[in-house]
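S.K.: The chain contents come next:
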Amino acid sequence: MTAILEVTDVTKRFGGVVAVSGASLSVPEGAVVAVIGPNGAGKTSLFNVVSGFETPDGGTVTFRGSQVHRLQPWQIARLGLVRSFQTPVGFPALSVWENLMVAGSAREAEPVLAALSGRWRDREADADRRANELLEQLNLHDARDLRLADLTPGDIKLVDFARQLMMQPRMMLLDEPASGVDPASIGRLSGLIADVRAQGITVLVIDHNIGFVLGIADHVHVMALGEVIADGKPADVIQDPAVVEIYLGKRA
Amino acid sequence: MQNIIFGLITGSILATATVGFSMIRQTEGFINIAHGQFLTLGAFLGFFFVSTAGLNVFLGGLIAAALVGVAGVVVSRIVFRPIADSGPLAQLFTSIGLAFLLFGLIRVAFGASVKFFPTSFGTRFDIGSVNVTVGEILIVAVAGVSVAALALFLTKTRLGTWIRATASNPSLAEVRGVPVERVSVAVWFVASAFAGLAGVMIGLISNVNSEMGFQQILIILAAAVLGGLGSIYGVLAAGLLLGLAMDLSALIIPTAYRSVVAFGVLILVLLVRPQGLFSTATRKEAG
Amino acid sequence: MIGVFFFFVGVLTLAGIYAILAMILNLEAGWAGMWDLGIAGLLAVGGYTFIIVTQTQSDDVVFAPGLPMWMGIILGSLAGGVAALIIGVPSLRVRGEYFLITTLAFAEVIRQLAVNLNSITRGTVGFNQFDRPFEALAEGRGYRVLLLVLVWVVAGIVYILMRRLVHAPYGRVLRAFRDNDPVALSLGKHTNRHRIQTFVLAGLLYGAAAPLYLWFLRIATPSIFSSEVTFVAWTALVIGGIASKSGPIVGSIILLLVTESVALLQGSAEFAVVLASTRFIVLGLVLILVMRFRPAGLVTEQQSLAAASNRVQVRSS
Numbered sequence: 017m018t019a020i021l022e023v024t025d026v027t028k029r030f031g032g033v034v035a036v037s038g039a040s041l042s043v044p045e046g047a048v049v050a051v052i053g054p055n056g057a058g059k060t061s062l063f064n065v066v067s068g069f070e071t072p073d074g075g076t077v078t079f080r081g082s083q084v085h086r087l088q089p090w091q092i093a094r095l096g097l098v099r100s101f102q103t104p105v106g107f108p109a110l111s112v113w114e115n116l117m118v119a120g121s122a123r124e125a126e127p128v129l130a131a132l133s134g135r136w137r138d139r140e141a142d143a144d145r146r147a148n149e150l151l152e153q154l155n156l157h158d159a160r161d162l163r164l165a166d167l168t169p170g171d172i173k174l175v176d177f178a179r180q181l182m183m184q185p186r187m188m189l190l191d192e193p194a195s196g197v198d199p200a201s202i203g204r205l206s207g208l209i210a211d212v213r214a215q216g217i218t219v220l221v222i223d224h225n226i227g228f229v230l231g232i233a234d235h236v237h238v239m240a241l242g243e244v245i246a247d248g249k250p251a252d253v254i255q256d257p258a259v260v261e262i263y264l265g266k267r268a
Numbered sequence: 167m168q169n170i171i172f173g174l175i176t177g178s179i180l181a182t183a184t185v186g187f188s189m190i191r192q193t194e195g196f197i198n199i200a201h202g203q204f205l206t207l208g209a210f211l212g213f214f215f216v217s218t219a220g221l222n223v224f225l226g227g228l229i230a231a232a233l234v235g236v237a238g239v240v241v242s243r244i245v246f247r248p249i250a251d252s253g254p255l256a257q258l259f260t261s262i263g264l265a266f267l268l269f270g271l272i273r274v275a276f277g278a279s280v281k282f283f284p285t286s287f288g289t290r291f292d293i294g295s296v297n298v299t300v301g302e303i304l305i306v307a308v309a310g311v312s313v314a315a316l317a318l319f320l321t322k323t324r325l326g327t328w329i330r331a332t333a334s335n336p337s338l339a340e341v342r343g344v345p346v347e348r349v350s351v352a353v354w355f356v357a358s359a360f361a362g363l364a365g366v367m368i369g370l371i372s373n374v375n376s377e378m379g380f381q382q383i384l385i386i387l388a389a390a391v392l393g394g395l396g397s398i399y400g401v402l403a404a405g406l407l408l409g410l411a412m413d414l415s416a417l418i419i420p421t422a423y424r425s426v427v428a429f430g431v432l433i434l435v436l437l438v439r440p441q442g443l444f445s446t447a448t449r450k451e452a453g
Numbered sequence: 049m050i051g052v053f054f055f056f057v058g059v060l061t062l063a064g065i066y067a068i069l070a071m072i073l074n075l076e077a078g079w080a081g082m083w084d085l086g087i088a089g090l091l092a093v094g095g096y097t098f099i100i101v102t103q104t105q106s107d108d109v110v111f112a113p114g115l116p117m118w119m120g121i122i123l124g125s126l127a128g129g130v131a132a133l134i135i136g137v138p139s140l141r142v143r144g145e146y147f148l149i150t151t152l153a154f155a156e157v158i159r160q161l162a163v164n165l166n167s168i169t170r171g172t173v174g175f176n177q178f179d180r181p182f183e184a185l186a187e188g189r190g191y192r193v194l195l196l197v198l199v200w201v202v203a204g205i206v207y208i209l210m211r212r213l214v215h216a217p218y219g220r221v222l223r224a225f226r227d228n229d230p231v232a233l234s235l236g237k238h239t240n241r242h243r244i245q246t247f248v249l250a251g252l253l254y255g256a257a258a259p260l261y262l263w264f265l266r267i268a269t270p271s272i273f274s275s276e277v278t279f280v281a282w283t284a285l286v287i288g289g290i291a292s293k294s295g296p297i298v299g300s301i302i303l304l305l306v307t308e309s310v311a312l313l314q315g316s317a318e319f320a321v322v323l324a325s326t327r328f329i330v331l332g333l334v335l336i337l338v339m340r341f342r343p344a345g346l347v348t349e350q351q352s353l354a355a356a357s358n359r360v361q362v363r364s365s
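Residue numbers (this note's numbering), protein chains in the order written: chain B, 17 to 268; chain R, 167 to 453; chain H, 49 to 365.
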């Protein structure tokens, strides 16, 4: 299996703090890979580098064969790498449908003239159809015209997920998808990720919830203090003494 | 050179006016456009005490500043306290409304004509190639002493330390037991009093008129932004810098463009170094 | 009575002009989240360009080509767009309140230039001889009614324009990155390009609207482009309801009626000063009260845009 994402020796510093230190990982196409580790391990910083929100001080990131670590976030998203955010606030003043439709358009900049002439209606038809399908699948169709801010946090997370799917991504980065989700709904979340994987989309997940991660991931990387300290199959990784040590708090 | 002296005078008055504005921005969290009106109020009150009540200019100016300080506290409780949780933009627009309100009230109370302080500036004399009056030196001295006193207050007293803590991290300060209400009252008093004082000084140097507030607030904004977030010294330095820039530029550009120079400096600095000239913190992108 | 009638004609005309300004401001600030305090500057650029290129008297001005009115309007609009581009590209590198201050600074620079470039703008004296459209059709005071109609026809066109923009993907993207820039970026949107486009569009529109303002006031001096214009437009927008469609219109009408009606009170000369000041007192009070009790304005974004009936039907394939 070819690697769709290659992170090689990435380092990121903020002032005097080293958030990520020489981290490397490789994500095979079509797999579900997880990155776990205690708070402050550098997971979100790594995500930010991969998705273009931060430029690395060292190292490279390659996605689908092209180097992306110097690209703008919107350019990386155009290539098919779409991320979620830890607190899924989305676009609170917009309706659920509008939230999805923002992601549905393939252009990076909407032309003003087209807006004035109304020539966008045909092009929107396809996105509208996909948006409605996703809403049906996620049981959110009744909420279609509600303001996103008026939904429950759980539903806002679902809309966040759907919004990513509207981009028809090749790979999804999920930042703590299980946080704040009640245990009963975790199963549903795992199911969604399985569906996504069945469509051929590669998934890279950060999460704290070990049980959730074990249930969905093919491969796990463990980070601590900005470094990748272990990786392997989930069952193997959790028995790795170094990993056990960090989680029991012997190493900060 | 003569222009350097003018620059120092302009700069020290500007610093006096800006230091309070900056304090409010840091502890209360919003841009107070009405600050300029406190300046105007101070100028008119000072003029009233000196010309009508016949008081000595120092006493008149001091009383005027103190009264403006009180006015600032009162206004802040009535107007800004109720909307403290509404976010900086709502507070900014409220301050714009307050600025209009005060502008109108001041005009009604004091009239629309231009007034001149009947105070003499004392003897003119030369120091080297420069020509100054006693009065001008005194103005710079008063500005300097006031700012120095403020710096001492902020560093050496308990209330001052509380104010600095609130300025650097309002939520943390509250959690740590800093009396937020007392700090707020103190800040509004000091900030408004300094604005009033600056108003008296401007009134002495040029004249007193109702437009002063809106004219000065833009330059004050420039100095505050230039000074960056952080200590009083940044504001002081920025005020002096802008004052010097404005008056020294008169050597090469027509004096009518004074304020253009100030804004030009502001725009340039904002684009090259958005965090201001003297700040150590990176400017947070708000919205 | 006739006097009162024409007084209200005037107030409503000015209200229409501010409605246009507020709608444009709504596009930049309400929908695109750019808190622009420099609209008086863009208006000045458009207004002065229009006046200067259409002037025929050339005694004390360096440049007076005497172009026809329609050309003046187009050039004024373009000038506004170019000014917006020059101001916008650097200013949009900073956000929120710093963008606000930068735009205010630029507007003040423009006004100072208007005051001081005497050979081009006639400084503080300005221009007071210029033609107005359709003057042949109505004489004397009757023209004021014609101007009222003209202004509101233009306001109607601007309203339709804005409605089209906000319901299109373009408008949606604006409101999206206004709410959450990182998420918009993560969805592949080049948000800064949208901001520049919107800012320039606003500049073009302000420039095109400027002649209306000049035709109403019948003079062109730097003082009519003070920051007061900016603040009144903002107040109108905030009262009416920022980010709604009809908010700017509602707010402008209410605000102008309230502040200008004070002038109906007749009085002595000393009273005149008080009267002139009362406008500001009322304006200030209105703004303070609205921000305190109804900061979302009279027509909210939700009422105006998010209702299901507003979701424009896309054709299904």
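The set of hints was computed from the structure by calculation and includes no laboratory data. Any given hint could be a false lead.
Quick list of simulated restraints, FRET-style, between CB atoms [what the hints assert, rightly or not]:
# : chain 1 : residue 1 : chain 2 : residue 2 : range
1 : H       : Phe-182   : R       : Ala-250   : 48 to 56 Å
2 : H       : Arg-180   : R       : Thr-299   : 49 to 57 Å
3 : B       : Arg-137   : H       : Val-130   : 27 to 35 Å
4 : B       : Gly-203   : H       : Pro-138   : 27 to 35 Å
We put the CB at the ideal spot given by N, CA and C, even for glycine.
S.K.: Indicate, hint by hint, whether the structure satisfies it.
M.R.: Hint by hint, here is what the structure shows:
1. Phe-182(H) / Ala-250(R): 48 to 56 Å: At 52 Å between Cβs, range holds.
2. Arg-180(H) / Thr-299(R): 49 to 57 Å: Holds - the Cβ-Cβ distance for Arg-180(H) and Thr-299(R), about 53 Å, lies within 49 to 57 Å.
3. Arg-137(B) / Val-130(H): 27 to 35 Å: holds (32 Å)
4. Gly-203(B) / Pro-138(H): 27 to 35 Å: Since Gly-203(B) and Pro-138(H) have Cβ atoms about 52 Å apart, the given range 27 to 35 Å is violated.
Of the numbered hints stated above, the single one contradicted by the structure is hint 4.
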